[in-house]
Structures are given as C-alpha cells and as structure tokens.
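Peer 1: Now for the letters of each chain:
Number of protein chains: 2
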Amino acid sequence: MLTIHQVAERLRSFDNTLILTHVRPDGDTVGSAAALCAGLRALGKTAYLLPNPELTDATAPYFLPYEAPEGFHPERVISTDIASTSLFPENAKPYVDRVDLAIDHHPSFEGFGKEHYLRPSAAATGEIIYDILAALGPITAEMALPLYVAVSTDCGCFAYSNTTAHTHAVASALLRTGIDFQAVNKTFFRTKSRKRLALEAAMLGGAEYHDHGRVAVLSVPLSLMESVQATESDAEDLSALGGQIQGVDCAVTMRELRPGVWKFSLRTGPRVNATKACALLGGGGHAAAAGCTVEAPFAQAKGQMLEAIAQVVPDFTL
Amino acid sequence: MLTIHQVAERLRSFDNTLILTHVRPDGDTVGSAAALCAGLRALGKTAYLLPNPELTDATAPYFLPYEAPEGFHPERVISTDIASTSLFPENAKPYVDRVDLAIDHHPSFEGFGKEHYLRPSAAATGEIIYDILAALGPITAEMALPLYVAVSTDCGCFAYSNTTAHTHAVASALLRTGIDFQAVNKTFFRTKSRKRLALEAAMLGGAEYHDHGRVAVLSVPLSLMESVQATESDAEDLSALGGQIQGVDCAVTMRELRPGVWKFSLRTGPRVNATKACALLGGGGHAAAAGCTVEAPFAQAKGQMLEAIAQVVPDFTL
Numbered sequence: 001m002l003t004i005h006q007v008a009e010r011l012r013s014f015d016n017t018l019i020l021t022h023v024r025p026d027g028d029t030v031g032s033a034a035a036l037c038a039g040l041r042a043l044g045k046t047a048y049l050l051p052n053p054e055l056t057d058a059t060a061p062y063f064l065p066y067e068a069p070e071g072f073h074p075e076r077v078i079s080t081d082i083a084s085t086s087l088f089p090e091n092a093k094p095y096v097d098r099v100d101l102a103i104d105h106h107p108s109f110e111g112f113g114k115e116h117y118l119r120p121s122a123a124a125t126g127e128i129i130y131d132i133l134a135a136l137g138p139i140t141a142e143m144a145l146p147l148y149v150a151v152s153t154d155c156g157c158f159a160y161s162n163t164t165a166h167t168h169a170v171a172s173a174l175l176r177t178g179i180d181f182q183a184v185n186k187t188f189f190r191t192k193s194r195k196r197l198a199l200e201a202a203m204l205g206g207a208e209y210h211d212h213g214r215v216a217v218l219s220v221p222l223s224l225m226e227s228v229q230a231t232e233s234d235a236e237d238l239s240a241l242g243g244q245i246q247g248v249d250c251a252v253t254m255r256e257l258r259p260g261v262w263k264f265s266l267r268t269g270p271r272v273n274a275t276k277a278c279a280l281l282g283g284g285g286h287a288a289a290a291g292c293t294v295e296a297p298f299a300q301a302k303g304q305m306l307e308a309i310a311q312v313v314p315d316f317t318l
Numbered sequence: 001m002l003t004i005h006q007v008a009e010r011l012r013s014f015d016n017t018l019i020l021t022h023v024r025p026d027g028d029t030v031g032s033a034a035a036l037c038a039g040l041r042a043l044g045k046t047a048y049l050l051p052n053p054e055l056t057d058a059t060a061p062y063f064l065p066y067e068a069p070e071g072f073h074p075e076r077v078i079s080t081d082i083a084s085t086s087l088f089p090e091n092a093k094p095y096v097d098r099v100d101l102a103i104d105h106h107p108s109f110e111g112f113g114k115e116h117y118l119r120p121s122a123a124a125t126g127e128i129i130y131d132i133l134a135a136l137g138p139i140t141a142e143m144a145l146p147l148y149v150a151v152s153t154d155c156g157c158f159a160y161s162n163t164t165a166h167t168h169a170v171a172s173a174l175l176r177t178g179i180d181f182q183a184v185n186k187t188f189f190r191t192k193s194r195k196r197l198a199l200e201a202a203m204l205g206g207a208e209y210h211d212h213g214r215v216a217v218l219s220v221p222l223s224l225m226e227s228v229q230a231t232e233s234d235a236e237d238l239s240a241l242g243g244q245i246q247g248v249d250c251a252v253t254m255r256e257l258r259p260g261v262w263k264f265s266l267r268t269g270p271r272v273n274a275t276k277a278c279a280l281l282g283g284g285g286h287a288a289a290a291g292c293t294v295e296a297p298f299a300q301a302k303g304q305m306l307e308a309i310a311q312v313v314p315d316f317t318l
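Just so you know, the protein sequences line up as chains U and S, in that order.
For the first sequence, position 174 matches number 174 in my numbering, and the numbering has no gaps at all.
For the second sequence, position 50 matches number 50 in my numbering, and the numbering has no gaps at all.
In case anyone wonders, no lab produced these hints; they're calculated from the structure.
This structure is a prediction, so every number in the text was calculated from the model and none was measured.
Calculated cross-link-like contacts (lysine-lysine; reagent style DSSO-like; alpha-carbon spacing at most 30 Å):
{"id": "1", "chain 1": "S", "residue 1": "276", "chain 2": "U", "residue 2": "186"}
{"id": "2", "chain 1": "S", "residue 1": "192", "chain 2": "U", "residue 2": "263"}
{"id": "3", "chain 1": "U", "residue 1": "195", "chain 2": "S", "residue 2": "192"}
{"id": "4", "chain 1": "U", "residue 1": "45", "chain 2": "U", "residue 2": "114"}
{"id": "5", "chain 1": "U", "residue 1": "192", "chain 2": "U", "residue 2": "302"}
{"id": "6", "chain 1": "S", "residue 1": "186", "chain 2": "U", "residue 2": "276"}
{"id": "7", "chain 1": "U", "residue 1": "276", "chain 2": "S", "residue 2": "192"}
{"id": "8", "chain 1": "U", "residue 1": "263", "chain 2": "S", "residue 2": "195"}
{"id": "9", "chain 1": "S", "residue 1": "276", "chain 2": "S", "residue 2": "302"}
{"id": "10", "chain 1": "S", "residue 1": "302", "chain 2": "U", "residue 2": "186"}
{"id": "11", "chain 1": "S", "residue 1": "302", "chain 2": "S", "residue 2": "192"}
{"id": "12", "chain 1": "U", "residue 1": "186", "chain 2": "S", "residue 2": "192"}
{"id": "13", "chain 1": "U", "residue 1": "195", "chain 2": "S", "residue 2": "195"}
{"id": "14", "chain 1": "S", "residue 1": "302", "chain 2": "U", "residue 2": "195"}
{"id": "15", "chain 1": "U", "residue 1": "192", "chain 2": "S", "residue 2": "192"}
{"id": "16", "chain 1": "U", "residue 1": "195", "chain 2": "S", "residue 2": "186"}
{"id": "17", "chain 1": "U", "residue 1": "302", "chain 2": "S", "residue 2": "186"}
{"id": "18", "chain 1": "U", "residue 1": "192", "chain 2": "S", "residue 2": "186"}
{"id": "19", "chain 1": "S", "residue 1": "186", "chain 2": "U", "residue 2": "186"}
{"id": "20", "chain 1": "U", "residue 1": "263", "chain 2": "S", "residue 2": "186"}
{"id": "21", "chain 1": "S", "residue 1": "302", "chain 2": "S", "residue 2": "263"}
{"id": "22", "chain 1": "U", "residue 1": "192", "chain 2": "S", "residue 2": "302"}
{"id": "23", "chain 1": "U", "residue 1": "45", "chain 2": "U", "residue 2": "93"}
{"id": "24", "chain 1": "S", "residue 1": "93", "chain 2": "S", "residue 2": "114"}
{"id": "25", "chain 1": "S", "residue 1": "276", "chain 2": "U", "residue 2": "192"}
{"id": "26", "chain 1": "U", "residue 1": "302", "chain 2": "S", "residue 2": "195"}
{"id": "27", "chain 1": "S", "residue 1": "263", "chain 2": "U", "residue 2": "186"}
{"id": "28", "chain 1": "U", "residue 1": "192", "chain 2": "U", "residue 2": "263"}
{"id": "29", "chain 1": "U", "residue 1": "302", "chain 2": "S", "residue 2": "192"}
{"id": "30", "chain 1": "U", "residue 1": "192", "chain 2": "S", "residue 2": "195"}
{"id": "31", "chain 1": "S", "residue 1": "263", "chain 2": "U", "residue 2": "195"}
{"id": "32", "chain 1": "U", "residue 1": "195", "chain 2": "U", "residue 2": "302"}
{"id": "33", "chain 1": "U", "residue 1": "192", "chain 2": "S", "residue 2": "263"}
{"id": "34", "chain 1": "U", "residue 1": "186", "chain 2": "S", "residue 2": "195"}
{"id": "35", "chain 1": "S", "residue 1": "114", "chain 2": "S", "residue 2": "45"}
Sample of chain U residues facing chain S (criterion: CB under 7 Å; computed from the structure):
{"id": "36", "residue": "158"}
{"id": "37", "residue": "161"}
{"id": "38", "residue": "189"}
{"id": "39", "residue": "246"}
All C-beta atoms, glycine included, are put in the ideal place defined by N, C-alpha and C.
Chain U extracted, bound-state conformation (with noise of 0.2 Å):
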C-alpha cells in the first residue's frame, strides 16, 4: 500500500484524470471525488469525474461542476470510496482493470488498481482526501465545501461511533477556510421529506412494545408505502427509528418487500444479540445490526422474530 507522500507524488505526475464513483452514490464518495478534482486541478492538472446516473438531489450540486465532457479520453483513473469493483457503475465498467490508483476506507475494499490507499480507521474517504490534498499544497473552499459533505455524512454529523479525534481535527481545518457548513448540514441532516415524515409518523404510531418496553416492533407494510405515495428514497435507513426509543435496546422493524414477505432488520443494544436472533430465521449480519426474511402473513412473522429473539435473551418476557 502507498502512503499519503506517495500519493500526493503520484497525483503531481498525473493528467488527464478521470475519477470514478461508486452506485447509489452518498455524500463520501462525490464529496471525495469532487475534492480530489478540485484538489488535482489547483495543480494545473486536466481532471473530471465519470458521470453518475444516480446522483440524487442533495448530491448533484458537487458534483456537476466536474462531470466529464462527452469524448474525454483520461491518461489516468481514480477510484475514490470504491470498495469493489462490483460497485462500479455500469459506465465505469470499461475502466475495470484500468484503475491506477484506488483510495478507499472500508475494510472490505478488495484490493483492485495497480496501486492504492486504504485506511479503514477513517471515517470517511473524504477524511483520506483532506490528508492528500494537505500534503500537495494549500486546502481552499472550493475543495473544502465537498470534503465537508463527505466527512459529514459518514459521520451522521459527527454524531456515529466512527467519528474520530481526527475526523473533528479535519472538520475544524475545513471550517477554517470560511465554507457554509451550515447549508450542507441543512440539506443532509435536518431536512425530511413530507412522505419520509408521514412513514416515521405511521410507524411510531403502530409500535409495538414487548419485554416491558425493551423490544419494540416497527412495521411498514406494502399498503403503508401506498398510501403515502412513498418511494425507496423516502423508505432508506427507517429501520434508525426504533434504535431512538428511550428504553428500546431492541428495535424490529420488519418491511414488507412483496406481499407477505417481510425483510426484518435489527437495531441492538448489548443485551440482544441481533445476528443469533436472525440466524434462527436464516439471516445474518453483527452483533449490533442484523437482518433476515420471512415469508408469512404479518402477525406470523412477526411472532418468527420474536419467539426466536426470546430464545437468544435468557431474560425476555413476552
């Protein structure tokens, strides 16, 4: 593996750079990538990203600026928060095996491109990309501004247990250069659809409590989604919810896929082991977060979960 020195050298010899971002792209990987090209172009250097067809509202604005004309033929390509080459989008599929450098954090990262960085204590890969472009000169805003939307929300605002002394030291350099923080925080962390609230409210509305209080069950049926008009953006992440619930150190939520087929997911605390409890229904996953899926009707499957939750929690009482 390189280190950050040696990046930063291989960046000042690149040109012609495409950078590449992962499907269903998040806040990481375009705030990295659109830092990187900022961060190579502050060089002199000629550098785009590929684009990407399923950029979402709160992403585009970082990324268009850098997208890639028709016709551009890079030297060199850049994968930036890629853990797999599984994870390329369909257009970046041709650049496969023609990846000089990969930088990613996630501890899965499969170790593809002739040469890469990996750091799977960061947070974010834009906590990566601070440290590069640090080492090649000057951070300005207009690199800062993305590199905040990657730190950021990885992070859940500095709020999840991935957040490091040097997450916050990253953060505190990227303020320092005077960016609005402050409309990134807006968009990313305090703004709800009308339909995401309309689902938290409906499922909060019809929990259920077991285990006096402890084990919560938080269901979003196919008609539920109907009747909002919801779509998958609206539905992404709902199983947090039930994790927020003072007292809840197990919370269900269980989503009806197709009719009468529920994708239960568990949110834990110490006292319930999420992934032995999903094992018993042919699921996995941690200790923390596990999930599995039951085809039966509603009250069927949810009786599932529960019984097999009692019977990897000696103290559980239904």
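Given the structure of chain U, go ahead and fit chain S onto it with the hints provided.
Peer 2: Same frame as chain U, but now just chain S:
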C-alpha cells in the same frame, strides 16, 4: 475582562471553590462546571458544585460526583454558563454578590462577578473551560467527558450554525483522551421518549400545508398532550420539528397553553420574516425564530397567523 492566561492564574490561586450552574441546567452549564471542578481537583484544590435541584436523568450522572456536601463553606465562587444573576437557582441566591469569577459565552451576559471571562463567539462555555484547563495542564478523560457533554449539546452535536473551527478542534482534543463520546451522543441526540415520539407523530400526521407547501402548520392541542400523558420535558423544543420538512421555509407550531390560548412559534427561512409576522399579533423575536400568543379557538387563531404571514410575505398564497 480577563484573558485565558489570567483566568488560569486566578484558578491556581483559588481554593475551596464552589461552582454555580444555572436554572433549568443544560448540558453546557453542567458539563462546564463538572469539568472545571475536575480540573481544580487535578491541581490539588478542594472544589464542589452547588447542588442544582433541576438536574435531569441525562445531566445528573455528570454532575452528582462533584456535588458539594452539606455545610461546605466556600472561599471562592465561580459561575459557569450563567448570563444573569436572575438565572441563579434559588439556593445560589446567597452567592449573587460573592461571585469571584463568571465564565460565560452568552452575548447577553450582564457583567456580574468581581471578574469575568466572556467569549460570545464560543458555541459553548465548555469550549472556554477547555482552553482554561488546557492552560493549566494536561486534559484528562475525567475532564474531557463532561466537556464533550458541554460542547456537543450546545451545538446540536456539531450541526448548529454556532459550530466553529474551534468547536471541532476542541472536540478533536477531547476524543483524543479516549472518552466514550458515543454514550453521550446516544443519551443527548439519539434518544426520544415514547411520549415525545407520540407527540411528534401526531403533529406530523395532522400537519397542514399552505402556500404551495412552503408554510406548514403543526399543532399541539391540550387534548394531544393529555392523550399521550406528555410532560413539559416531552414537549421541549417541539417547534424545531416543522423546520425539517422538505420544502417548508415557514414552520408554524401552535401549542395550546390553556384552553383557547395558543402559543405560536415560527421557524423561518430568508423569505419569511418571522418577527414581522408575530409582531402583527403582539409578539416578537428574531427574523428566523419568533413567537406570539393568541387567545381564540383553534381555527380562528390559525387563520389570524396565516393572515399575518400573508401580510409580510408578498408572494404568499393560501
């Protein structure tokens, strides 16, 4: 006003110190006082916090280890995060004229105390306490944990616009001590009571939209408070809820204080001057956050507010 260096010098000379916190104590006053107390003890001094009868489940664990025993007679008195002597808890009133040092960040600080240190640019008094303790010696985890409570709570976990480069730099230094900041985040930012969630769900479920979805009206009638058996603490800061709805730049929250008496809170973007609208109904505040009270049946009170908004917003359409 003293400099940080002078404050540090005073603290080196003080002993048997009592530290005061404000009424309705929040994370900043509690965390600042506890950290300062830990810092004084690290210098070999005797120091305690004056008991505060209004601690919450969230703040008490950070306060109680430093609480003064009955009969403690201080030589020195310091106030942390208290803008005015009118905010002294009842049991602190005897010390109103005995404050040796007042440390605060509120622009409205009224200038009490024999000496003081004020920094309105600080997001939290905790940032100032950090600088003081750093001038006195190494920051230990015992100081860092309450300081993280102080800093993070006053800037909404780094999401509010008062967050600065210095806020993040302080957070970075605090995390470097290895504190369990994740437990703090969970308690203060990722936990809501079931009653609070029921209130939010009902408010969102009953939200009304006007002006092409830019104006949202959320209401909290007494009947709702009663039906979910909500307490005052469940209803804190409910006016922020409407502000997160996508497309809304004028969130109106109307809470029934007594039968037929509605307290309006407006949270607005640049298009809508909240204080001008509320002034028409006898209230006031800031451009982006204002309030007023209207005595009328629900529909009539709401109508008066929408008319007031229509008067100050040229392109408003019902």
